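Could you build all of it, start to finish, from the sequences and the hints given here?
The sequence shown maps to residues 1 to 212 in my numbering.
Be aware that one or more of the hints could be misleading.
List of simulated lysine-lysine pairs, PhoX-like, C-alpha gap at most 20 Å [to be verified]:
hint, residue 1, residue 2
1, Lys-89, Lys-212
2, Lys-89, Lys-109
3, Lys-89, Lys-205
4, Lys-112, Lys-89
5, Lys-89, Lys-111
6, Lys-212, Lys-109
7, Lys-89, Lys-204
Now the in silico label distances, taken between C-beta atoms and shown as ranges [stated by the list, open to error]:
hint, residue 1, residue 2, range
8, Lys-212, Ala-162, 14 to 22 Å
9, Ser-54, Asn-147, 25 to 33 Å
10, Asn-110, Leu-190, 32 to 40 Å
11, Ser-210, Leu-190, 25 to 33 Å
12, Glu-94, Arg-138, 45 to 53 Å
13, Ser-179, Arg-72, 34 to 42 Å
14, Leu-183, Ala-62, 37 to 45 Å
15, Arg-177, Glu-52, 18 to 26 Å
16, Asn-70, His-50, 22 to 30 Å
17, Ser-179, Ala-146, 17 to 25 Å
Keep in mind that the hints were calculated from the coordinates and are not lab data. Source: prediction; values computed, not measured. Each residue gets a CB set at the ideal place from its N, CA and C atoms; glycine is no exception.
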Amino acid sequence: MQVDSRFQRHRMKKLGATLTRGATPCIATRPTTALSANQRCSNVMQVERHLESSIRISADPAAIWEQITNVRIEQFSEPWYFRFLDIPKPLSAEVQSEGVGGSRIAYFKNKKRFIQKITAWDRPSHYAFTFNPEEGFRVGYVFDLANGVFRILTGSYRLVQASNGVTLTLDTTYSIRRSAMTLLAVPIRLVLIVFQKYLLSSIKKNSELSNK
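What follows is the structure, given as structure tokens:
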């Protein structure tokens, strides 16, 4: 009976561990260790996705680094598709404190902000952060980025020096509620691609201008 009791306890522990693993609510295409388990999986129906875009820039890495950390793009015209899709135009971003654990605030035309936490700071090659949108930060008329069916989680920039310039890659991790994947996965991805391209193009312009 003692052996059976120990066996049953062992079986129950294994079953509990299996259920815990099976209950993991988020599926990520790449690990996002910058976020805690509670942040990544605060909603059991959120599914993580990953997107990156790149651009070639004719400027020194140091000049580009300044443009990706302290951003000034309010001078560029707002694309018509931003207004059509109700995408808030990014205006600027300011580093409040440098280094891992530091912070940066990103400002948008809708008067909302991203209160970003810096998770990687390897000047001038790698910079990463969490987004942390303010409550009520909406895109697409109805999507609340803080608590809605579509959320932006983390972002990062990587710079790779080449003989003909620097390749700048913007990486974004986002999530979509599982029940809305069929309907929203493609349009959300297309919107993010458009947004990334706009942001990278603006950074390229600023970097090349400041490098002259």
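A quick look at each hint next to the structure:
1. Lys-89 <-> Lys-212: Outside the cut-off at roughly 27 Å; violated.
2. Lys-89 <-> Lys-109: 5 Å, holds
3. Lys-89 <-> Lys-205: 17 Å, holds
4. Lys-112 <-> Lys-89: 10 Å, holds
5. Lys-89 <-> Lys-111: 10 Å, holds
6. Lys-212 <-> Lys-109: 29 Å, violated
7. Lys-89 <-> Lys-204: 17 Å, holds
8. Lys-212 <-> Ala-162: 14 to 22 Å: Holds, at about 20 Å.
9. Ser-54 <-> Asn-147: 25 to 33 Å: Holds, since Ser-54 and Asn-147 (Cβ atoms, about 31 Å apart) stay within the stated range.
10. Asn-110 <-> Leu-190: 32 to 40 Å: Once the Cβ atoms are compared, 21 Å apart, the range 32 to 40 Å for Leu-190 and Asn-110 is violated.
11. Ser-210 <-> Leu-190: 25 to 33 Å: With Cβ atoms ~31 Å apart, the hint holds.
12. Glu-94 <-> Arg-138: 45 to 53 Å: 23 Å, violated
13. Ser-179 <-> Arg-72: 34 to 42 Å: 39 Å, holds
14. Leu-183 <-> Ala-62: 37 to 45 Å: This hint holds: roughly 44 Å between Cβ atoms.
15. Arg-177 <-> Glu-52: 18 to 26 Å: 22 Å, holds
16. Asn-70 <-> His-50: 22 to 30 Å: With Cβ atoms ~26 Å apart, the hint holds.
17. Ser-179 <-> Ala-146: 17 to 25 Å: 19 Å, holds
In summary, the numbered hints that this structure violates are 1, 6, 10 and 12.
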